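Reassemble the complex: the two chains are provided individually, in unrelated frames, and hints are given to aid placement.
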Amino acid sequence: MSSTTERPDQGSQTEAPAVPPAPSRLKDVLRQLVATRRVIIGFAMLAGLALLAFLGPVISPWGITERDYLSTLEGPSPEHWFGTNRTGQDIFTQSAAGLQKSLLIGLLVAMISTAVAALVGAFAGYFGGITDRALMWVADLALVLPSFVILAILSKHFMGASGWLVLVVLLAGLSWMVTSKMVRGMTISLREREYIHAARFMGVPPRKIILRHILPNMSSLLIADATIMVSTAIIGETALSYFGLGVQPPDITLGIVIADGANFATTAPWMFLFPTALLVLLVLAVNMIGDGLRDALDPTSKSRRS
Amino acid sequence: MGKFLARRLLNYVVLIFLATSFAYVLAATNLAPRDYFEQMQPPPDPELVNAELDRLNLNDQTPLAERYANWMSGVLLAGDFGQTIQGGSVTDQMLMKAGVTLRLIVVATLIGSFMGIAIGAYAAVRQYRAFDKAATGASFFVLSIPTVVIAIVIQVGAAAFNDFIGFTFFRYSGEYTAGVQGEWWELLINRIYHAILPTLVLALALFAAFARYQRNMMLDVLGSDFVRTAMAKGLTRRKALFKHALRTAMIPTITYFTFTFGMLVSGATFTEKIYAWQGMGAWLIDSIARQDVHVVAAVSWFMAVTIMLASFLSDILYAWLDPRVRV
Numbered sequence: 001m002s003s004t005t006e007r008p009d010q011g012s013q014t015e016a017p018a019v020p021p022a023p024s025r026l027k028d029v030l031r032q033l034v035a036t037r038r039v040i041i042g043f044a045m046l047a048g049l050a051l052l053a054f055l056g057p058v059i060s061p062w063g064i065t066e067r068d069y070l071s072t073l074e075g076p077s078p079e080h081w082f083g084t085n086r087t088g089q090d091i092f093t094q095s096a097a098g099l100q101k102s103l104l105i106g107l108l109v110a111m112i113s114t115a116v117a118a119l120v121g122a123f124a125g126y127f128g129g130i131t132d133r134a135l136m137w138v139a140d141l142a143l144v145l146p147s148f149v150i151l152a153i154l155s156k157h158f159m160g161a162s163g164w165l166v167l168v169v170l171l172a173g174l175s176w177m178v179t180s181k182m183v184r185g186m187t188i189s190l191r192e193r194e195y196i197h198a199a200r201f202m203g204v205p206p207r208k209i210i211l212r213h214i215l216p217n218m219s220s221l222l223i224a225d226a227t228i229m230v231s232t233a234i235i236g237e238t239a240l241s242y243f244g245l246g247v248q249p250p251d252i253t254l255g256i257v258i259a260d261g262a263n264f265a266t267t268a269p270w271m272f273l274f275p276t277a278l279l280v281l282l283v284l285a286v287n288m289i290g291d292g293l294r295d296a297l298d299p300t301s302k303s304r305r306s
Numbered sequence: 001m002g003k004f005l006a007r008r009l010l011n012y013v014v015l016i017f018l019a020t021s022f023a024y025v026l027a028a029t030n031l032a033p034r035d036y037f038e039q040m041q042p043p044p045d046p047e048l049v050n051a052e053l054d055r056l057n058l059n060d061q062t063p064l065a066e067r068y069a070n071w072m073s074g075v076l077l078a079g080d081f082g083q084t085i086q087g088g089s090v091t092d093q094m095l096m097k098a099g100v101t102l103r104l105i106v107v108a109t110l111i112g113s114f115m116g117i118a119i120g121a122y123a124a125v126r127q128y129r130a131f132d133k134a135a136t137g138a139s140f141f142v143l144s145i146p147t148v149v150i151a152i153v154i155q156v157g158a159a160a161f162n163d164f165i166g167f168t169f170f171r172y173s174g175e176y177t178a179g180v181q182g183e184w185w186e187l188l189i190n191r192i193y194h195a196i197l198p199t200l201v202l203a204l205a206l207f208a209a210f211a212r213y214q215r216n217m218m219l220d221v222l223g224s225d226f227v228r229t230a231m232a233k234g235l236t237r238r239k240a241l242f243k244h245a246l247r248t249a250m251i252p253t254i255t256y257f258t259f260t261f262g263m264l265v266s267g268a269t270f271t272e273k274i275y276a277w278q279g280m281g282a283w284l285i286d287s288i289a290r291q292d293v294h295v296v297a298a299v300s301w302f303m304a305v306t307i308m309l310a311s312f313l314s315d316i317l318y319a320w321l322d323p324r325v326r327v
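As you go down the protein sequences, you meet chains V and H in turn.
Going by this note's numbering, the first residue of the first sequence is number 1, and it counts up by one from there.
Going by this note's numbering, the first residue of the second sequence is number 1, and it counts up by one from there.
Among the clues, some could well be false.
Stated by the list, open to error - Part of the chain H face toward chain V, derived, beta carbon under 7 Å:
hint, residue
1, N30
2, V142
3, P146
4, V148
5, V149
6, I152
7, I154
8, S266
9, F270
10, S300
11, M303
12, A304
These are calculated hints, taken from the structure and not from any lab test.
Remember, it's a predicted structure, so these values are computed and weren't measured experimentally.
A virtual CB, placed ideally from N, CA and C, is assigned to each residue, including glycine.
Only chain H is shown next, with the shape it has when bound in the complex (with noise of 0.2 Å):
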């Protein structure tokens, strides 16, 4: 099992590699910082915007081979991503704004997936009977709701519902109250209180395709003999379900959940936005518009190394559940 996991993560450590190097070759060669500081007003002097360019290794008359062996060198050998086009440091926004998404991601992942499976899996237990059809019903319909609408939907829904009781019972706008202060547990509060909405969000997008594959995963299982084995040997039938048919049936939806963890990340940086969140997603469509190379490359590695290590942890889930894997 050890070599299994090594050799993925060999794997792992090259992709992320080259699809680093891609996004910013892509962006390099499609984003144009040098317009960013010629609109400025009053414009300011092209001997000097060449200069500022060249401090930042993004002047586009350096040949782009130069400009990426400088960064990438970087990189490698300092874990620098290089400057933002302000002149800041990538690599310290980085570590601030990682956090944030971080949290939005892995607790809306929690949340999202654990409902998902065991709504899925009661809904097979139970199928054809109201709670079968509630779920599903309503898993199908939040599938069909871009997570964008979703995001805008609960946000206008909470302002409504502020506006009826007469005070702000929800928060739906930034990460925590602009200068608060207190004791730790207090900011801990503010903060929680704010992700509230969000994480939502983003969980629910996630526990209706959970749910949905899970529930047909589930189905395949039940039927199966060695289920009725396990209940003929004398196991209880709760035994039976969560020892030998829950078991097996989650080891497909690991290899889903790699899948649409992808689609989570992006849908964090609608929901970021959308919620005033200063997370990475919400830095990476800024820096779009700001024409700024280096943070959308180093945007992109970040997502890359979420992406893979949640197929890392997949990985290791399903050589946990899937006992043929480890031998």
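Here chain V stands alone, though its shape is the one from the complex (with noise of 0.2 Å):
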């Protein structure tokens, strides 16, 4: 990721004014990104959503587990704008909180398991060998336990104020195998490459030869690949929760709010309608992003788009 800061002050480095600027990378990017209808799209109805997530619980006059007991399971009003729960409880207002929640866990575990994946790819990558085969072996093994059933049991833990950080560290545990294995691929193809030679002939420790010229290679796909990390965490946290196994209340995320209206889905549809819009409007936001990301990074697969 440090290259994308670098390049530009190349760029306006040199010092002959006779050669034209170095074409920027960024700029390419930035270019192609702002073309892309989708990636507009998507920005557009994420910042709506996170302007909600983040505003609803305050503009709301209702807390999240107030309880209205004038109007108990009625359905959308000027007082009650998604309507209110059986208890009496304020949609909206956890529906706004629980997106809040629901996005904030789905950014941390893209950006973790991201963070792991990048570094075990490249060094199983890098060395080859036995650490290779260690490392992969390891993430086979991750591969093979079924993440939910893992999730499942230690659910208890998720309880507390810190409970869903707890989550967002096994979610992200579970789910970084995949792009490892890409991320090692690619460095295998780098590890040949001449500035990479270069830098180790230098005597440039590997570690550092990772961190700053294999990783930053490949930060495109990672970027892309996180993305689409974001929408996989939200739906998997939201899985756990229906069943009552993800983030436990008082904390509150889509999950827990969509468990609660799904029974209700005929006699009181707003209680699952709003909710299970939101989310699918978030992940529907954050997979048009990522895909949009992952043709502007990747030059490869321009032809491909409609």
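Written out as structure tokens, the structure reads:
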């Protein structure tokens, strides 16, 4: 990621004015992103949802757990924008707060798991031999472990104020494997490039080569993959919460609100419809951005898109 | 090729053993079977609880290593996965429930992957046409909806539809009608009837993932030289597309299948629970609530085995599709 900040500097450092400025990849990518309608729509949707998630609980006159005993299980009204549930809690406030936590979980999981995947994959690919074997074997083992079972067994640790952070770490710990295999493959092909050889012969330690030269060179892949990971994590958390095995009350996520509403889906559709719509919009927005990013960053996939 | 597959198989067996051990240790240290007995009404005598826990090999006062050795030796030597917390044999129950889950997963995989590959490949051939746009848009949308939500929405939709037409056209609860009697084919039809919706839910998610992936792979291949050569040497377009393009484009999809299968297995868990099927996934969720260590470990074993079987199958398919592996 450091490369994206370094490169424009290098461009401005060129002293001879006769030489046209080196084509900046960052600028290229940005231009392409702006031209991709999917990405713009995705970003707009995501921004709207983030605004809703962080402002919603503030502007709503109701607290997250506050109960309105005068209106239980009532449809949308001027007082309760998304209606209320069986105990008179405001669905709008709950959905917005849940959205906020789901968003945070998604972002954190994506960041952690992509970092782990990048490090494991790059070290395995760069060193090869026994390191490679050992790391990839761990990845294989983690792929076999049914992640849902492990999360479900450990769900009692998700209680308490920082319980959701434990969930984040576990979700990340169970979702880095596929990306790390991809990173490993790319590292193996990068390892034989001239500039890596040059760095090695100059005596740069392997750790530095990986962090300075190899990982920045696949930052585009990593960013695109991290974006997809956000939506995967959000979906995973929702599924766990649906069975009461995810984030525990009083913390609230979209999964919990949806699980509450699912039983009333026919009798009180607003309880199910609104949080579900928010969730689907959120995942859709993230996927659109990730998809567009991958296209803009990966020159070989140009022809694929409609 | 035989050697290649044998080596993979050995690796898989080791991985299954480790995954099961890990799940057992995790379950034994994190679940509390003692609580299950102590919260009974009326509260049982502590001595009795201890005796019962000892009998079940679940006593937390026994060292973990000893409990593990006991359990694992039973599994390895006699295929005995211990007893459930209520005293039944885990192995017997597992045999019953595994069939339910396997039926769901296998049929959904076949339908989902076949439809996904066919539609994805066809969309690539018709790139930018109406069919391609519709297929790409649909799969993108479905991929953005969690399986849980798909399952609930389809269930709610079916219930609403039944209400609307006035009789139960769709079955969305249970694996068969309770207490149904009749000829074997009537029972079979009854089961198939119940299986339609849950299978559809699972297949739908799988279909979306496959269609998207296969389309990209197919597009990569369509522009390549060997497809042009195939057509230039006089093959019909259809033959070139099927024998050369599709075959090559399916190789990466096979690998992709291995990665999605784990997702499918947990998707099956949600579907079973929501559609009230007595399968492994629903059993797992119920057992965690009952603090049943042996069942949790056994279900993990089952899931690891299915994932490994899927990987092995994709190894075989891979070797069949890609001649380079066979040497």
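Each hint tested on the structure:
A least Cβ separation of about 5 Å between H:N30 and chain V falls short of the 7 Å threshold, and the interface hint therefore holds. For the restraint placing H:V142 at the interface with chain V, the shortest Cβ-Cβ distance is roughly 10 Å, beyond the 7 Å limit, so the hint is violated. A cut of 7 Å between beta carbons decides the hint on H:P146: the least distance to chain V is about 4 Å, and the hint holds. The beta carbon of H:V148 comes within 5 Å of a beta carbon in chain V, closer than 7 Å, and the hint placing it at the interface holds.
With a least beta-carbon distance of about 6 Å to chain V, the hint placing H:V149 at the interface is held under the 7 Å criterion. Because the closest C-beta pair between H:I152 and chain V is about 5 Å apart, less than 7 Å, the hint holds. Interface hint status for H:I154: violated, as the beta-carbon distance to the closest one in chain V is roughly 11 Å, over 7 Å. Residue-level restraint check for H:S266 holds (minimum Cβ-Cβ distance to chain V is 4 Å; threshold 7 Å).
The restraint placing H:F270 at the interface with chain V holds, with a minimum CB-CB distance near 6 Å, inside the 7 Å limit. At a threshold of 7 Å, the smallest CB-CB gap from H:S300 to chain V is about 5 Å, leaving the interface hint in force. The beta carbon of H:M303 comes within 4 Å of a beta carbon in chain V, closer than 7 Å, and the hint placing it at the interface holds. The criterion of a C-beta within 7 Å of any C-beta in chain V is met by H:A304, whose closest approach is roughly 5 Å, and the hint holds.
Of the numbered hints stated above, those contradicted by the structure are hints 2, 7, listed in ascending order.
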